[in-house]
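Peer 1: One-letter residues, chain by chain:
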Amino acid sequence: MSSTYPTPPSPEAIRVSGSRPRLPWFALALLAPVLVFGIFGPLLFLHDPTAINLMTPQKPPVWLAGGEWAYPLGTDQLGRDLLSRLMEGARVSLTIAAVGVLLAAMIGITAGMAAGYFGGFVDTIISQIVDIKMSIPATLLIILLGAVIGGGLVTIVVSVIFLFWADYARIIRAEALSLRERGYVLLAKVANAGHGRILRRHILPNLFGTCIVLVTLQVGRAILIEAGISFIGLGVQPPATAWGMMVFEGRSYLSTAWWLPTFSGLAITITVLGTSLFGDWLRDRLDTRASAL
Amino acid sequence: MRPVTFDETAVALEAINLSVTLRRSRDGADIPAVNGVSFTLYRGRTLGIVGESGCGKSTTAMSLLRLLPRTARIAGQIRFRGEDLLAASEERLRAIRGRYISMIFQDPMVALDPLFTIGDQLAEPLRIHCGLEGDALRARQVELLAAVGISTPETRLTQYPHQMSGGMLQRIVGAIAMSCNPDVLIADEPTTALDPRAQASYLDLLKMFGETYGLALVMVTHDMGVVARVCDDVLVMYAGQAVEKGPVRQIFNAPKHPYTRALLTSIPNGEVEREWLPTIAGQPPDLSRLPPGCSFAPRCSAAQERCSREAQIERVVGDRHRARCWRAVAP
Amino acid sequence: MLSYFLRRLGRAAITIVAVSLIVFVAVRATGDPTFSLVAEDATEAEIAEVRAELGLDRPYFVQYAIYVGDVISGDFGTSLRYKQPAFDLVVQRLPATLQLALAAFILSTVFGILLGILAALRQGRWPDMAIRAFAALGLSAPSFWVGILAILLFGVMLQWLPTSGRAHPLSLLLPAMTLALHSMASIVRLTRSAMLETSSAEYIKFLRSKGLPERLIIWKHALRNALVPIVAILGLQLSNLVGGAVIIEVVFNWPGVGRLMIEALVNHDFPVIQAGVLLITLSTVLVNLAIDMSYGVIDPRIKYQ
Ligand SMILES: Nc1ncnc2c1ncn2[C@@H]1O[C@H](COP(=O)(O)OP(=O)(O)O)[C@@H](O)[C@H]1O
Ligand SMILES: [Mg+2]
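Residue numbers (numbering that gives the first Met the number 0), protein chains in the order written: chain A, 0 to 292; chain B, 0 to 330; chain C, 0 to 304.
Derived by calculation from the structure, the hints in this document are not laboratory data. Take the hints with a grain of salt, since some may be wrong.
[What the hints assert, rightly or not] As a list, the in silico EDC-like pairs of lysine to aspartate or glutamate whose alpha-carbon atoms are at most 20 Å apart:
#1 B/Lys206 to B/Glu142
#2 C/Lys219 to B/Glu132
#3 C/Lys82 to C/Asp69
#4 C/Lys204 to B/Glu90
#5 C/Lys204 to B/Glu89
#6 B/Lys206 to B/Asp231
#7 C/Lys219 to C/Glu196
#8 A/Lys132 to A/Asp122
#9 C/Lys219 to B/Asp231
#10 C/Lys204 to B/Asp106
#11 C/Lys82 to C/Glu262
#12 C/Lys219 to C/Glu201
#13 C/Lys204 to B/Glu142
#14 B/Lys206 to B/Asp194
Make a model of the complete structure from these sequences and hints.
Peer 2: So, in structure tokens, the structure goes:
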């Protein structure tokens, strides 16, 4: 399958001279609010994110005329506090992304290891499936899935798995392929160790760095997928909320309450940018082959 | 290509006190890769630059055409046809590169652009430097390929690098380098990547070029056997310095520097597999942290206390024979 | 060359068969259509009759064969909502979607490559920094949000450009640029790193030693070599753009297949979804095949692999 889409060289493959900062401060700064709100959200809410208050609809953010400190980023058409809703959305988006990505990783890593380690027929089949998956537009798969199982949490998670497992399989396969020829793996084979044991004890531990980097980079992309799915109405259903859904809802109030879609989308962008910068840093740090992403 | 008559004592190029400092990208450290090296190239003669890997041979070779990374700093003079190349403009250098001074690199498999035909890549210098076009260009291409011993040159012109063997590619690289009848040809380990048979015939080819066309040839190598086969003069480099230089006969008969002696004992003889046998214990020093005194002292079997104290100066040990060791004396 | 061509053709065929299988399974998974066709109090016999009529009593592979036959003859069923053949509905809308996707494809390829080259040539200096920051943002911002901001800026505030529908000659501009953004950002990154990688290649050193002008080295040799990995991912980019078009069509009310399918999703109009998925995938696979073929023109090594 690597013949189909040759691994692009990493953008950071050629490094500008000079030392790299020890910690990716910028990425951490971008991610800090999201992580804090995602984890401690319910303790920090100014308002119940689902509480409808018809006395305060479409209040602008505090720095605009008519804004007040009680609603720092303003309110939506139903008078719900935007900041609290964004915090609640962070929890939902992050949870979905994390669960989806981890499940995709489990499937993809298993498939990739099997393809790379066993080679031959197993490899041909798995590579073929990966190939097919790559040539079907992602949105079409999601729509098909949505048509079959309807909208909701499950749709998003299953979509993320469907879309992402192949990336893991592709990259892990390449790594397993080269690990297979390493001395200690050959030794283990000579010593008659079972395939399961070799895979668990000798191959998997060496893939750890690559997996960590991949997972990090994919979390950002999963948040984008979640947003897209919510945007076309297949995501979580109200009164639950997610960032993509908030952009979608806010879109109808563009001319009267521009802050609704703007801040929701900004939250997505910042989070995705933060995770991908952090992932880039990890990749350079652990010096893995995950540069294909 | 017609043979040329030339004067064997005519100086083709002169490097005076050449020093190069490179910037190591890993940590930004300054690497004094070449340190006060001087030599003279004569028409029709071959100078061998020899030494272990990492001692600055390639850097010396590349600095003659100023083909070093942008962060490199070069000092000294490179006198060529009455001008100093280190002071010349980039434009002037482009007119000299490939026209009067050309180069051959180590690995022929990566020296040519994989996406263009041999003919295309051979035509580039002919167009730019000699203004050849059309039939004249084509005739010259065919002539050049034939001169480096390639059969069916017409077919080869339309082929791509991946369709040829390493030996053949290196001949084509040679044809490109020779395309404008240069004065100086710098070959940086041209045979290291070739198989033994191709190595021998390639050396003969270069030797023939030098003698027939009055070329001043620079042969960079780590192999004293290559030096013995083709060179007239030798420059032995260690840790960025010229530790010994002079005519081949003198250096082979009476080497004055312990490093040269060590290199000479590592020539494989006859049927033994031709491979670099490291007979010198230890590693060349890290150039960013050179030891005080003689840089070879830590590995020198005859080292004494004063060796690691005093920096060594070049001593005259014969007519045109110099060595950088206090023990070296004229015979 | 022939074997390369045949292999690509084979892969395209396998993909199409696989998609038809996936859709077939999805159709079955949405439930037995019999019950929507018979009366509430239908007898066992009546139900069996309808099932036989639909071919549902036959083995799965026979059902699949019938299904493939239908699809090949353009019969994707009738839209539950529009009471028209689903095939006709999709085919009417297909040009709009392909127009949008191809416009974005050209935009992202041309500007992505140009910006990537510029960044590589100015490596480490401000144009490089600016372009890389732009690419990082382009990869992080959801396209529909960018579209909404574009509507806010150019439509609501400045009122410069049409933001809805396909009637105005300039209508294509905003949706195409929005759709192009993400893919352009990845092409910028890839081009930049490919250019940097090729610039340090040995053959570039040899070209310099021949005294070639720098512009010839960069625009003829370095660029052509950098294009090899770029062309290799163009197919993937196209498939991403077609997928992305679905969402962008919703944002800009673009009358393409994507919006048709989203509406069908809301209305549980499965024949339309089915026709949309199959026809869009088919178009993508065909364009992809064309791109793969052009790969052999750029890289002579392909022919002999
Ligand atoms: N581009 C470069 N940047 C920094 N240091 C370099 C670079 N190229 C070579 N060096 C260092 O310069 C020294 C001389 O290298 P080189 O001239 O290639 O040696 P040789 O050709 O004799 O093997 C080595 O220590 C090498 O590590
Ligand atoms: Mg070298």
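Peer 1: Determine for every hint whether it applies to the structure shown.
Peer 2: Against the structure, the hints come out as follows:
1. B/Lys206 to B/Glu142: Distance ~19 Å between B/Lys206 and B/Glu142 Cα, so the pair holds.
2. C/Lys219 to B/Glu132: Satisfied, since the Cα-Cα distance of roughly 19 Å is no more than 20 Å.
3. C/Lys82 to C/Asp69: Holds, at about 18 Å.
4. C/Lys204 to B/Glu90: Within the cut-off at roughly 17 Å; holds.
5. C/Lys204 to B/Glu89: holds (15 Å)
6. B/Lys206 to B/Asp231: This hinted pair holds, its Cα atoms lying about 11 Å apart.
7. C/Lys219 to C/Glu196: holds (15 Å)
8. A/Lys132 to A/Asp122: Since the Cα atoms of A/Lys132 and A/Asp122 sit roughly 15 Å apart, the hinted pair holds (cutoff 20 Å).
9. C/Lys219 to B/Asp231: Distance ~40 Å between C/Lys219 and B/Asp231 Cα, so the pair is violated.
10. C/Lys204 to B/Asp106: Distance ~12 Å between C/Lys204 and B/Asp106 Cα, so the pair holds.
11. C/Lys82 to C/Glu262: Given that 20 Å is the threshold and the Cα spacing comes to 15 Å, the pair holds.
12. C/Lys219 to C/Glu201: With a Cα-Cα distance of about 15 Å, the restraint between C/Lys219 and C/Glu201 holds, given a limit of 20 Å.
13. C/Lys204 to B/Glu142: Violated, at about 25 Å.
14. B/Lys206 to B/Asp194: Holds, because 18 Å separates the two Cα atoms, which is no more than 20 Å.
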